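Top line first, the protein sequences correspond to chains A and B. In terms of full-length UniProt numbering, the first sequence is residues 1 to 342. In terms of full-length UniProt numbering, the second sequence is residues 1 to 342.
Everything labelled a hint here was simulated from the structure, so no lab data went into it. Bear in mind that the values here come from a model prediction, so they are computed numbers and not experimental data.
Partial list, derived from the structure: chain A residues whose beta carbon lies under 8 Å from chain B:
1. 41
2. 57
3. 67
4. 80
5. 89
6. 90
7. 91
8. 106
9. 109
10. 110
11. 223
12. 252
13. 282
Calculated from the model, a selection of chain B residues having no Cβ within reach of chain A, i.e. all distances over 12 Å:
14. 2
15. 121
16. 125
17. 183
18. 232
19. 237
20. 291
A virtual CB, placed ideally from N, CA and C, is assigned to each residue, including glycine.
2 protein chains.
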Amino acid sequence: MREVALLAGVSIKTVSNVVNDYPYVRPETRARVRHAISELGYRPNQSARGLRSGRTGVIGLAVPELRLNYFAELADAVISAAEARSLSVIIGQLGGDRDREMAVLTEGLRQADGLLFSPERLGIEDRDLLGRVNYPLVLLGERIFGGPTDHVSIHNSTAARAAVEHLLTLGRRRIAVVGTHPDGREDQIRPADLRLEGYREALAAAGIARDPQLERPVAPWHPQNGAEATRDLLASGVDFDAVFALNDMLALGVLRALGEAHRRVPDDVAVIGFDNVDAGRFTVPSLTSVDPGREEIARTAVDMLLERMDPGAHVRRPPRLHKARFRIVVRESTGDGPRQPS
Amino acid sequence: MREVALLAGVSIKTVSNVVNDYPYVRPETRARVRHAISELGYRPNQSARGLRSGRTGVIGLAVPELRLNYFAELADAVISAAEARSLSVIIGQLGGDRDREMAVLTEGLRQADGLLFSPERLGIEDRDLLGRVNYPLVLLGERIFGGPTDHVSIHNSTAARAAVEHLLTLGRRRIAVVGTHPDGREDQIRPADLRLEGYREALAAAGIARDPQLERPVAPWHPQNGAEATRDLLASGVDFDAVFALNDMLALGVLRALGEAHRRVPDDVAVIGFDNVDAGRFTVPSLTSVDPGREEIARTAVDMLLERMDPGAHVRRPPRLHKARFRIVVRESTGDGPRQPS
Numbered sequence: 001m002r003e004v005a006l007l008a009g010v011s012i013k014t015v016s017n018v019v020n021d022y023p024y025v026r027p028e029t030r031a032r033v034r035h036a037i038s039e040l041g042y043r044p045n046q047s048a049r050g051l052r053s054g055r056t057g058v059i060g061l062a063v064p065e066l067r068l069n070y071f072a073e074l075a076d077a078v079i080s081a082a083e084a085r086s087l088s089v090i091i092g093q094l095g096g097d098r099d100r101e102m103a104v105l106t107e108g109l110r111q112a113d114g115l116l117f118s119p120e121r122l123g124i125e126d127r128d129l130l131g132r133v134n135y136p137l138v139l140l141g142e143r144i145f146g147g148p149t150d151h152v153s154i155h156n157s158t159a160a161r162a163a164v165e166h167l168l169t170l171g172r173r174r175i176a177v178v179g180t181h182p183d184g185r186e187d188q189i190r191p192a193d194l195r196l197e198g199y200r201e202a203l204a205a206a207g208i209a210r211d212p213q214l215e216r217p218v219a220p221w222h223p224q225n226g227a228e229a230t231r232d233l234l235a236s237g238v239d240f241d242a243v244f245a246l247n248d249m250l251a252l253g254v255l256r257a258l259g260e261a262h263r264r265v266p267d268d269v270a271v272i273g274f275d276n277v278d279a280g281r282f283t284v285p286s287l288t289s290v291d292p293g294r295e296e297i298a299r300t301a302v303d304m305l306l307e308r309m310d311p312g313a314h315v316r317r318p319p320r321l322h323k324a325r326f327r328i329v330v331r332e333s334t335g336d337g338p339r340q341p342s
Numbered sequence: 001m002r003e004v005a006l007l008a009g010v011s012i013k014t015v016s017n018v019v020n021d022y023p024y025v026r027p028e029t030r031a032r033v034r035h036a037i038s039e040l041g042y043r044p045n046q047s048a049r050g051l052r053s054g055r056t057g058v059i060g061l062a063v064p065e066l067r068l069n070y071f072a073e074l075a076d077a078v079i080s081a082a083e084a085r086s087l088s089v090i091i092g093q094l095g096g097d098r099d100r101e102m103a104v105l106t107e108g109l110r111q112a113d114g115l116l117f118s119p120e121r122l123g124i125e126d127r128d129l130l131g132r133v134n135y136p137l138v139l140l141g142e143r144i145f146g147g148p149t150d151h152v153s154i155h156n157s158t159a160a161r162a163a164v165e166h167l168l169t170l171g172r173r174r175i176a177v178v179g180t181h182p183d184g185r186e187d188q189i190r191p192a193d194l195r196l197e198g199y200r201e202a203l204a205a206a207g208i209a210r211d212p213q214l215e216r217p218v219a220p221w222h223p224q225n226g227a228e229a230t231r232d233l234l235a236s237g238v239d240f241d242a243v244f245a246l247n248d249m250l251a252l253g254v255l256r257a258l259g260e261a262h263r264r265v266p267d268d269v270a271v272i273g274f275d276n277v278d279a280g281r282f283t284v285p286s287l288t289s290v291d292p293g294r295e296e297i298a299r300t301a302v303d304m305l306l307e308r309m310d311p312g313a314h315v316r317r318p319p320r321l322h323k324a325r326f327r328i329v330v331r332e333s334t335g336d337g338p339r340q341p342s
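Only chain A is shown next, with the shape it has when bound in the complex (with noise of 0.2 Å):
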């Protein structure tokens, strides 16, 4: 560090504040820091770093899977918000599997200060645990409402009644939702349950009886799924004039199962799916779905654990809930443009 110091001209101080990204060394001076660090190849020891400064400044994202579009978006959003706070982010795979889920809860992912979590499994049930970690956690998605710690989630319910409510002003009546949580469970908080509350108000304030035969339950959300869940509903003969899919994912899927039945998208049945993934612009018809508001989710929720993870905060917050802005990204399979080929 010295001899670093005495080939860019700076202190050792200037040198310390380069290596640890502190926002106040003027440009050129960076610049010649860092040149001299890769001149001498110097390589600060980054474990005594953490020890001086207290945090390391590397945040935790623990989702369910990488290979869900949702999350692999989500994560590129939490990385780039993280970055433009000089912070990396650790990445751990929760796969679906409640153990692995408490194990992180209850230990955070190893090297990181702070936790973003986006359980699966874990429950309302589970709430307490939270209250027992003790290290800096934001909560993310639908699990749980009401614990002890901030919370970043989307407007579920209300996002999922506008959807529902843009395929009545289209002027369908036979509205199927795939994506139903199989167990059915009333004790229990899902994406699921909070989505279906939303189509069923939405029947409900236009006058439309609710008819069991259309909503189809799909477990895991994957597409796949959604589309032997449409190829069912197709088979039962029942009528139906639109889909709303609780998740994009299933949405590929249901395009994918009434193309193969060669059923128009959006003449015969208009689609809308839920989560605004990229893939969803680049289908035939592409996609109309639900933006829930990833970067907004992704920002906030950085923001509040990097409060959270300040040691000089002495004044502690109750905790927060934050709900991010929805909208409707009206697109070909509910719109007037294109149409798939017949």
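Given the coordinates of chain A, work out where chain B should sit on it, guided by the hints.
What follows is chain B alone, placed relative to chain A:
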């Protein structure tokens, strides 16, 4: 730590072994220690641990962007391979930015002991930089060959040749290629150039003359660009009965543009992609693609990095190049299965 040991009824050494995820602890003992850790709210000082053990148990993965399915799925595979070896993964995004790639290469990812580095902008002219890196590094991808570090890559030209040969065996003779590099520089080694080479070799071996009109430059490899290139190809009036898209993201766009133009796939135009991303299973028609061996890439790269990180490894092996095994995954876009609605 002493309290944890007392409560669990084990030695401090055993607690340390559990905390450090060493394998030689009996499962029951491990469970007891974990339970005591959780009871006492004990949290090991990660940085101190890093100092003691000489490494942090964290590796870095730097990729262009996670929104690109190939890299999300690669990251998924790397995290799984790393977790199986009790390592955590910090993910950095390079964002197609040459300066950022240079900075990450020079400094590594903060807190990571080693790096899997998949650049998109650095090229063969930057090869010497790799030799100046003073931390364990494994190179991924096709931008730089013959460098001084371990390298995991894929069989680009051979796999591309196999893809085109698959189209030839279907009787296709007018095969377009979408995604060649716009600048056509001969001094670069890029996936686009290597795959184009394989395309040309396959045609030459089949005695088919090359038609420059069928070679369509596209950058970057995003679906919208694949769609535009295909629209241009259709508008040009040149005859073609197959498309080789140089990656699957382009292929999604190709399918989309062919759909808009009411060209039947595969009847009128057969389509093959490259990467075998999950999304290709759910398009209509589903997408035939080259599987480049993602799991093998991830596993091999993590193992190579672990070897290079081992402070006890006195014998230094020369740099290794590993190319993963590929295979052609045949789906509807070149197959005999259900056709696109017609």
